[in-house]
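Asker: Can you make the complete structure from the sequences, with help from the hints?
2 protein chains.
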Amino acid sequence: MESEKRGPSRRGFLTGGLAMGGAAMAAGAAQAGEKAILELPPWTTQLGDGVDARPYGTPSQFEAHVRRRNVAWLTADPVSSVNFTPLHELDGIITPNGLCFERHHSGIAEVDPAEWRLMIHGLVEKPLVFTLEDLKRFPRVNRIHFLECAANSGMEWRGAQLNGCQFTHGMIHNVMYTGVPLKALLDEAGLKPNAKWLLPEGGDAAAMTRSVPLFKALDDCLIAFKMNGEALRPEQGYPARLVVPGWEGNMWVKWIRRIEVGDQPWHHREETSKYTDLMANGQARRFTWEMDVKSVITNPSPQAPIVHGPGPLVVTGVAWSGRGTVREVHVTTDGGNNWHQARIDGPSLDRSMHRFYYEFDWDGKPLLLQSRAVDSEGMVQPTKDRLREVRGVNSIYHNNGIQTWHVRENGEAENVEVS
Amino acid sequence: MESEKRGPSRRGFLTGGLAMGGAAMAAGAAQAGEKAILELPPWTTQLGDGVDARPYGTPSQFEAHVRRRNVAWLTADPVSSVNFTPLHELDGIITPNGLCFERHHSGIAEVDPAEWRLMIHGLVEKPLVFTLEDLKRFPRVNRIHFLECAANSGMEWRGAQLNGCQFTHGMIHNVMYTGVPLKALLDEAGLKPNAKWLLPEGGDAAAMTRSVPLFKALDDCLIAFKMNGEALRPEQGYPARLVVPGWEGNMWVKWIRRIEVGDQPWHHREETSKYTDLMANGQARRFTWEMDVKSVITNPSPQAPIVHGPGPLVVTGVAWSGRGTVREVHVTTDGGNNWHQARIDGPSLDRSMHRFYYEFDWDGKPLLLQSRAVDSEGMVQPTKDRLREVRGVNSIYHNNGIQTWHVRENGEAENVEVS
Chain A
5 MESEKRGPSR RGFLTGGLAM GGAAMAAGAA QAGEKAILEL PPWTTQLGDG
55 VDARPYGTPS QFEAHVRRRN VAWLTADPVS SVNFTPLHEL DGIITPNGLC
105 FERHHSGIAE VDPAEWRLMI HGLVEKPLVF TLEDLKRFPR VNRIHFLECA
155 ANSGMEWRGA QLNGCQFTHG MIHNVMYTGV PLKALLDEAG LKPNAKWLLP
205 EGGDAAAMTR SVPLFKALDD CLIAFKMNGE ALRPEQGYPA RLVVPGWEGN
255 MWVKWIRRIE VGDQPWHHRE ETSKYTDLMA NGQARRFTWE MDVKSVITNP
305 SPQAPIVHGP GPLVVTGVAW SGRGTVREVH VTTDGGNNWH QARIDGPSLD
355 RSMHRFYYEF DWDGKPLLLQ SRAVDSEGMV QPTKDRLREV RGVNSIYHNN
405 GIQTWHVREN GEAENVEVS
Chain B
5 MESEKRGPSR RGFLTGGLAM GGAAMAAGAA QAGEKAILEL PPWTTQLGDG
55 VDARPYGTPS QFEAHVRRRN VAWLTADPVS SVNFTPLHEL DGIITPNGLC
105 FERHHSGIAE VDPAEWRLMI HGLVEKPLVF TLEDLKRFPR VNRIHFLECA
155 ANSGMEWRGA QLNGCQFTHG MIHNVMYTGV PLKALLDEAG LKPNAKWLLP
205 EGGDAAAMTR SVPLFKALDD CLIAFKMNGE ALRPEQGYPA RLVVPGWEGN
255 MWVKWIRRIE VGDQPWHHRE ETSKYTDLMA NGQARRFTWE MDVKSVITNP
305 SPQAPIVHGP GPLVVTGVAW SGRGTVREVH VTTDGGNNWH QARIDGPSLD
355 RSMHRFYYEF DWDGKPLLLQ SRAVDSEGMV QPTKDRLREV RGVNSIYHNN
405 GIQTWHVREN GEAENVEVS
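Read top to bottom, the protein sequences are chains A and B. First residue of the first sequence: 5, per our numbering; consecutive thereafter. First residue of the second sequence: 5, per our numbering; consecutive thereafter.
No copy is singled out in the list; a pair is fine if it fits within one copy or between any two copies.
Computed cross-link-like contacts, EDC-like style, restricted to lysine to aspartate or glutamate with a CA-CA straight-line distance of at most 20 Å: (1) Lys187 with Asp349; (2) Lys187 with Glu363; (3) Lys196 with Asp223; (4) Lys369 with Glu418; (5) Lys220 with Glu381; (6) Lys220 with Asp191; (7) Lys220 with Glu275; (8) Lys220 with Asp354; (9) Lys369 with Glu421.
Simulated from the structure, these hints should not be mistaken for laboratory data. Here the structure is a predicted model, which means the values were calculated and not measured.
Answerer: Here's what the structure looks like:
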C-alpha cells in the first residue's frame, strides 16, 4: 500500500476552495451569492407549517427521489420480490426505517399486535406462548447490526449487471434493534438435553422457516420489537422478528409466530433449493450462514455522479463483516494498482455497518474506483474473479467481491469489471 | 445505595413466568394460545402488499398513536411553538426522524436545496458562500448527539404540571448527524486575529440568531446535512443546520444561511430576553449553554401505565449529559429511600442519550419511581427542590431535577412531587 498523507493537502484544498465556495464571491459568480443572501427567498419571508401539521414527520418534498426501488424484471411478482436501499443517498451508519430494503415472499403481513403470539414448543420442558406484553417483561438489550440478504450482489456473479450501488449492494440495512435475548425465552421454556436446533417460523402467508443451530440462538439472537427506537416497520416483521447477528438475512424470520426446538435441521425449502451455493462441480455448499467481509463505494457511483469539476473529492462508502468489526478499508482510484488507507468514521460496532471516506484532489481524469475491506478476523475482501475461480458462477449467494466503478471525465460512473 | 443482585431472581422470574407466557398454555387460558396458533389469522392466509407499494415506508397502522404531540394552550400560535417526542413509546437510544420534537419560531421553512447558500463573513480573511455541494467536498464526520431544548421540563419549576414524560421531557431527540466540522469552513475563510464569537443565522422567517463562542465552534460544532443517514428533515433545518454538542438546542440554528464572525457577543433577543435564567433576586444567569446531567423514567409513566399484574416489571428510561457520557443511573421505587443501580445498555457515547433498565419483581403495591443520573464528570442530577433553593422559580430553563411518577396499584401513573 502506498504511504501518503490522508486527504488533500492544505495547499491543494485552498486552490480547490477557490473553485468551490470562494468562487461564489469572486467577480464572475458574485450575482449568485448576492441573490442568495440579499434577495430573500420565500421561506425567509413567509411563515411555514406549525407544529400541529405533521404528527409523524416525512422527508422534504425535495427528497422524493430518495426511495427504495425494485427491479420489475427480477422477480415474477411484487409480493415475492425485493426492493433496494438507496445507499448512494445515505451517509453515516444508520439506515432510516423508511428506506430499509424489503424482501418478502408473500407480501407485507399487517399483523395486529394484540393478536400476535409467539409459541415455543418441541424439545422443551414447558411449551410457552408469549404475547407482546409478555416479551416486554424480560430484560432487553440494544444492538446495532447490519442485515444483508445472502443474494445481495448476486446478479454480479456473471459480470457487471446492475448500474448503481442501490441495485448491486442495496439488500442491506443497519439499524439499532431493541429486543429480548432469545436465550431468556428458551431458558423460560427449559431446553431438553437433546435440543440442538431451532425452527423459527414467520407469521406471513409464506410461513418462512429456517433451521437455526442452538449455539447461535444461545449466543446472540434476539426477538426484536423496536428498530431505531420505534416499533418495527410492517415490512421488517412488525411486531417482532428474529435477529441473527452477522448471518444471512433470510434467517432473520419476520412476523415470527413459532419456534420449534428439535435435535436436527429440518432441511426446509429455504435451506435446500434456496440459500445453498451451487458450485461449478454441481455440489452445493450449504449452511453458509455468515456474511463475509464486504464493502462498496456509494459515492461517486452510477446513481451519484460527480457534479463538480476537478479538485477536492470525497469518496465514501460502507463496509461490514458478519465475523466482527471492520478493521481497515482500502480505496484505489486506478483499478487496484495503488491502494490508499480510507478513514473509518463513526462507531465501529460488532457486525454493524462501518462508514469510510477517502478524500483526494481529483485531476478530472477517468477513475477506476474500488474499495477493499479487512475485518477484525483478518479476512480480506476478495476480487470477483477470485471468487469465481473458487466457487464458479452457478450461485446467486454470498458474492462479497470487490466492486468497480468507472468514473468518466464528466463525472458519470458505470458498473464495470477489471481483470 | 443498597447492594443487591440486579433484576429479578431466577425463582421469582419462573413464578412470574407462569403468570406470563406460560399461563397461555395452562388449562384456563389454553383457548387463547390455541386460537392464536391453530386458527390462522388473515395475515397468514392472505397475500400482503408487494415491494412496489411503499417506496418510502411508514409505521404500522396499529402505531398511529405514536406521534409527536403539541399542547395547544402552551403557546399563542402553532407556528411559534413546540411539539414533543413520545419518549414513552421509544426504546434504545436512536430517535426516529419522524418523531423528533420540533420547535420553530416561524413555522417549518421549506428550503429548496438548490437555492440554499451558507455565507461566512465578518472577521475573516476571505468571505465565502457555500452551496450544499460545496459543503460535501469537505471531509465529513458522524456523531450521535442529543439535542435538548433549554426549556425542556420548564413547566415543572413550579410543581408537577404535565402528566406524561412526552410533555415533561419530550423536548429532546438523539440522532446520528453527518456533517462537516465548522472548523474546516472557518479555516477556509481564514479567521482574523480578533475573531472571538460567531453569529449563526437561520434561513426561516424568524431568522434565529445566537452568539456562539469561537472556542466551541473550533472544538466540535458541525454543519450537518444528514440525520440518521438521510437528509435532515425540514423541521430539523433541511438542508443544513448547526450542531452544538451538549449545548442548549436553541443554539443549533436550523436552515442555517449565514455565520458572522465577530469579536464579542451580539446580545440578540434569544440570549437576553429569552434563554437566560432569571433568579429569585431578579438577576439573570446568562450564557448557560451546557445541558446538565439529567434522566427520566419513560416506562412506566403516565402515558404508559403497567398493563400487567404483579411480577417481573421492566423499568426503563433515558439519561444524558452535556458534559460527556453518563456513568451511572440509579432508580428508586420508594421515592428516594432506597436507590438501585440501573443497567445502562447500548452504546455509551459522548453527549448522547443513554438507555437504562431496572428490572424487579413488582409486588403490586404503589410505587414512587425516580431516576438519578451521574455523568462522566461526576455531576449528580439534583432534586427539583434543591434546584429551586438555588435558582428560585422565575426561569423556565435548565430544569434537570429528578422526576417522580406515582404508580398506583392498578398500574396507572401520575406526575407528582415528593419532598
